[in-house]
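A.B. asks: All chains, please: the whole structure from these sequences, using the hints.
Take the sequence shown: its position 89, counting from 1, is numbered 109 in this note's numbering, and each next residue is one higher.
Calculated directly from the structure, the hints in this document are not laboratory data.
Glycine included, C-beta positions come from ideal geometry on N, C-alpha and C.
The reader is advised that the hints may include incorrect statements.
[What the hints assert, rightly or not] Label pairs and their in silico Cβ distance ranges:
(1) Trp208 x Trp182: 30 to 36 angstroms
(2) Leu23 x Arg295: 36 to 42 angstroms
(3) Leu142 x Arg115: 34 to 40 angstroms
(4) Tyr146 x Phe355: 25 to 31 angstroms
(5) Arg265 x Gly32: 23 to 29 angstroms
(6) Pro180 x Lys330: 19 to 25 angstroms
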Amino acid sequence: MSLMLSVALFAGCALVIGVVGTRLTGVVDTLADRTGMGEAIAGAVLMGMATSLSGIVLSVTAAWKGQPELAMSNAVGGIAAQTLFLTVADVALRRVNLEHAAASIGNLAQGALLMCLLGMLLVARYSPEWTFWGIHPVTPLLFLGYMYGLRIIDEVRSQPMWMPRRTRETREDAPDDDAQRYSLTRLWGGFAALALLLGVSGWVMEKAATTLATETGMSQTAVGILLTSVATSLPELVTAVAAVRRGALTLAVGGIIGGNAFDTLFAAASDIAYRDGSIYHAVSDQTLLWIALSVLMTAVLLLGLVRREKHGPARIGFESVALVLLYGAGVAMVFHDAA
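C.D. replies: Shown next, in the form of structure tokens:
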């Protein structure tokens with residue numbers, strides 16, 4: 021595959037991912053109201069899984085081809101990029117800080133789950149290099165931890181022990197009565213079709229990304245952090261902004277945090293696909309840095325959800341400013357190591 025064709029395919033896939041992500045927001049928001057699952061759970065499960073399909077296909081394909089750096093850097097780079105995208109959504113909601121208006125126990129629980137899963141990735145890297153059938157013991161624990169975490173999130177949503185204080189700017193997750201006129205069969209069918217498009221885009225993008233790394237001399241880590249992770253995360257950016265404009269603020273935040281929690285499973289799936297041992301021990305310190313950076317960015321986001329500042333610098337929250345600075349520092353270190 022030529023360099024020009026790779027660039028064209030990469031750009032084309034990014035465009036498809038962005039357009040499909042926009043359509044997906046409306047479908048998931050309606051499903052959340054139609055099924056009664058709520059925006060926080062719909063954001064974590066439906067939005068998180070669907071918008072992550074392109075990324076997980078890319079990571080698993082790269083791991084299967086023996087490219088652990090591309091697989092893992094795409095996963096953890098996507099988590100950092102998607103957290104940064106909440107800053108864009110915060111800017112789109114000009115009247116108040118997004119984290120103030122979208123405060124919910126569900127989103128706080130999702131953030132705690134995400135930090136636990138990211139911590140497990142670091143534990144896997146610094147634990148003994150044991151494998152069973154080529155799979156590290158932490159890999160099945162990641163899947164179990166994710167499923168158990170979703171159960172806890174559902175429990176705290178249905179039977180909360182405490183609630184965030186309601187203010188004039190708080191936007192509660194109230195079902196839309198108009199959602200009942202939509203057929204569940206049609207909604208689920210549309211959701212499946214859009215998710216499939218995202219998955220195919222990720223598969224094509226992996227081929228283009230591999231060629232870009234080869235032809236330009238960029239490392240797989242740099243390609244994963246700076247290119248594929250951002251491109252495959254475009255649905256999260258598009259859906260977050262679209263959700264804010266629809267007034268579905270809990271869905272906007274829940275989709276990002278829930279998608280990030282699901283993205284940690286990229287690493288688990290990649291470890292299964294990688295046949296040369298533990299993928300956690302096959303990556304560089306630069307990739308591990310981005311795991312730690314993702315933990316830090318998530319912690320800052322949780323502080324923003326707890327503090328609930330109405331207006332901060334440039335009419336966005338202090339956490340949005342901090343997220344921009346942290347992500348910028350990470351990108352600067354990637355360029356420094358590449359120099």
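A.B. asks: Evaluate each hint against the coordinates.
C.D. replies: The hints, checked one at a time:
Distance hint for tryptophan 208 and tryptophan 182: a CB-CB separation of about 34 angstroms, consistent with the stated range 30 to 36 angstroms. Distance hint check for leucine 23 and arginine 295: the Cβ-Cβ separation is about 29 angstroms, which falls outside the suggested range of 36 to 42 angstroms. In this structure the hint that leucine 142 and arginine 115 lie 34 to 40 angstroms apart at CB holds, the actual value being about 38 angstroms. At about 26 angstroms, the beta-carbon gap between tyrosine 146 and phenylalanine 355 stays in the expected band of 25 to 31 angstroms.
Checked against the given bound of 23 to 29 angstroms, the beta carbons of arginine 265 and glycine 32, roughly 26 angstroms apart, stay inside it. At about 23 angstroms, the beta-carbon gap between proline 180 and lysine 330 stays in the expected band of 19 to 25 angstroms.
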